[in-house]
Amino acid sequence: MNKPVPITEFVGTVKYGDTVGLVITNVDSVLRDKMGLDKSHRAIGIISNRTGAGSQIMAADEAVKATNTKVVSVELPRDTKGGAGHGCLIILASEDVSDVRKAVEITLDNTERNFGEVYGFEAGHVELHYTARASLALNKGFEAPIGKAFGIIVGAPAGIGVVMADTALKAANVELINYSSPSQGTSYSNEIIITITGDSEAVRQAVIAAREVGLSIAKSMGENPISTTGKPYI
Amino acid sequence: MNKPVPITEFVGTVKYGDTVGLVITNVDSVLRDKMGLDKSHRAIGIISNRTGAGSQIMAADEAVKATNTKVVSVELPRDTKGGAGHGCLIILASEDVSDVRKAVEITLDNTERNFGEVYGFEAGHVELHYTARASLALNKGFEAPIGKAFGIIVGAPAGIGVVMADTALKAANVELINYSSPSQGTSYSNEIIITITGDSEAVRQAVIAAREVGLSIAKSMGENPISTTGKPYI
Amino acid sequence: MNKPVPITEFVGTVKYGDTVGLVITNVDSVLRDKMGLDKSHRAIGIISNRTGAGSQIMAADEAVKATNTKVVSVELPRDTKGGAGHGCLIILASEDVSDVRKAVEITLDNTERNFGEVYGFEAGHVELHYTARASLALNKGFEAPIGKAFGIIVGAPAGIGVVMADTALKAANVELINYSSPSQGTSYSNEIIITITGDSEAVRQAVIAAREVGLSIAKSMGENPISTTGKPYI
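So the protein lines, in turn, are chains V, L and F.
Following the numbering used here, the residues of the first sequence are numbered contiguously, the last one being 1288.
Following the numbering used here, the residues of the second sequence are numbered contiguously, the last one being 1288.
Following the numbering used here, the residues of the third sequence are numbered contiguously, the last one being 1288.
Keep in mind the hints are simulated off the structure, nothing from the lab.
The reader is advised that the hints may include incorrect statements.
In this list, chains with the same sequence are indistinguishable; a pair is considered to hold if it fits within one copy or across any two.
[What the hints assert, rightly or not] Capping the alpha-carbon separation at 27 angstroms, the derived lysine-lysine pairs in DSSO-like fashion look like this:
no., residue 1, residue 2
1, K1202, K1119
2, K1273, K1224
3, K1285, K1119
4, K1093, K1156
5, K1273, K1135
6, K1069, K1088
The shape of chain V in the complex, shown without the other chains (with noise of 0.2 angstroms):
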């Protein structure tokens, strides 16, 4: 069989978590309402995935931070195919398609690196994002500040994240953001997610210690928590 040509809307996939990047030249104006767009969004990009939520927010808050385009809405699924977590559905809008290409490439490109501190295992997952500056996308997802540094920590099954929650906000002085758990700010998702801010390095020794308790419960579990693309980044 020959390879398909990928048609225009079409831009791209990362390897992990079935993330495909789209884009719509020219949204229909039905829909445009229906999704809550406002008129100047002519072009939308689109990155829509089954596995990960945090990785590609993270990513996407790069390319909003490059390129002239908005990030219009972030939707979390119940997915991750089986798995304790969430997918993802980001619509970033402008009004030239040319923008929202770049962001959408922008995004596609990042996510492969946030995806090394996805750290797997057959009883959950272990998640940990940093960034020293949160843009738009983080802001839209996740209440993050900003240009703020900011965290995320997840933790799945729940008690996994409740415990490295509790590390994190002991081995720092940060600020508690959010704390999700499944019955309230996740989509009934087997996770316990909480975001916080503070002072970069503080932020940064907060999440290197939520990572460090939660792949040790793991162990203790007898389960082999391994990092998703093998590079770990934080």
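We have chain V already, so just place chains L and F on it with the hints.
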């Protein structure tokens, strides 16, 4: 092991989606109240499955056209056995068990055909449904206008569905009834689902256009989408 | 590889459901407030798992009967690793870590037994729980009347649960406490869950009748339901 003798409540199964049909001749009155049935609903029919919703609801729509039964409720669990979509629970009711048994049988008979337009692939699915004349099950489940042509367009992961929706609305002069996304109108599934109505040929053309672009995106992703039954019918 | 030394927060695991027990000696005060704990809740115990809710909550109920601990919260993620049901996160609290550690140990010890009445099969599951005397965990998680006999009846896909519910209510003179379905009272799981109370022998008979009809439907579907542990206890 001998094959067990089916119990009286058992009507049958469908090869796809773990779909089962059941009846209760005279539902317990306390349960009837808790289920929101009214006193005349002595007999109930049940269609329940792990994978699929459109296929079963479309099939139930044929059943209520042909029998003296009422659609009491349509519920959409987040399921598909680790897939991106929904399962389904449909409750039909009548005064007489022979009516609901007949309705359940018709539903089971029609469900298989409808799976012909469910295209599965490793990363998600593309799903289409079309009828020239919607009835009470589609009205209950999807707010379809009774007696009019009606189409359902589904793409997963959700980003595929956004492009399918845009393509459908541009392809023919149809009216958008609903746009459902992971955080609104679905049970946190990783799907975009739109429903459309209008002139029957226009609805059919919109559905076909959505199918083509959905399958093209899947192929661009390196996926191999295939009809569940091998028999597309639209 | 040497077996890792468990960290201090780790109490143990159960063979079934990816169940883990954890403790925190002195929970961070900011986290404590976000979790809705009060100031006296210095030590917390955590039971967290991917598959099962009834088994773990029933077990926690025995734990709070036997220790000076309080059930702070019971949350039900949509999980079971691609199955039709829930996972569970239970938070116990006390002033003293030795109390919560003991409670977590008792919960882990009792969870395995309860999986004896969880019957899995390819298309779904049938699950039963019974106690002659409900306590605070069942009250928190399922609104069980404290000190009374209590039963939980679960069928998946949900249609099986409808027939199980009807059969149970007809089998004995019991009171229906709750009827939960995919769109109401569950986390969009593909289950019907009913809870019942009444005279202890009546509750037991209702649970047994529900089990028989649930297993019969599964067999009529061509499924082979088997007890998770091989040791039914009701």
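Open item on the list: Please sort K1069 with K1088 into within, between, both or neither, judging by C-alpha distance up to 27 angstroms.
Closed with: neither (31 angstroms within a copy, 36 angstroms between copies)
- [ ] With 27 angstroms as the alpha-carbon cut-off, assign the pair K1093 and K1156 to within, between, both or neither.
- [x] The answer is within: 21 angstroms in one copy meets 27 angstroms, while 50 angstroms across copies does not.
Task: Intra/inter-copy verdict for K1273 and K1135 if alpha-carbon distance must be at most 27 angstroms - done: both (23 angstroms within a copy, 20 angstroms between copies)
- [ ] Classify it for me, K1285 with K1119: is the Cα-Cα distance of at most 27 angstroms met within a copy, between copies, both or neither?
- [x] within (24 angstroms within a copy, 47 angstroms between copies)
TODO: Could you place K1273 and K1224 in one of the four classes (within, between, both, neither) given a Cα distance threshold of 27 angstroms?
DONE: For K1273 and K1224, the Cα distance is within 27 angstroms only inside one copy (22 angstroms; across copies 48 angstroms).
TODO: Could you figure out if K1202 and K1119 sit no more than 27 angstroms apart (CA to CA) within one copy, between two copies, both or neither?
DONE: This pair counts as within: shortest intra-copy Cα distance 13 angstroms, inter-copy 47 angstroms.
In this structure, only the earlier hint numbered 6 is contradicted, and the remaining ones agree with it.
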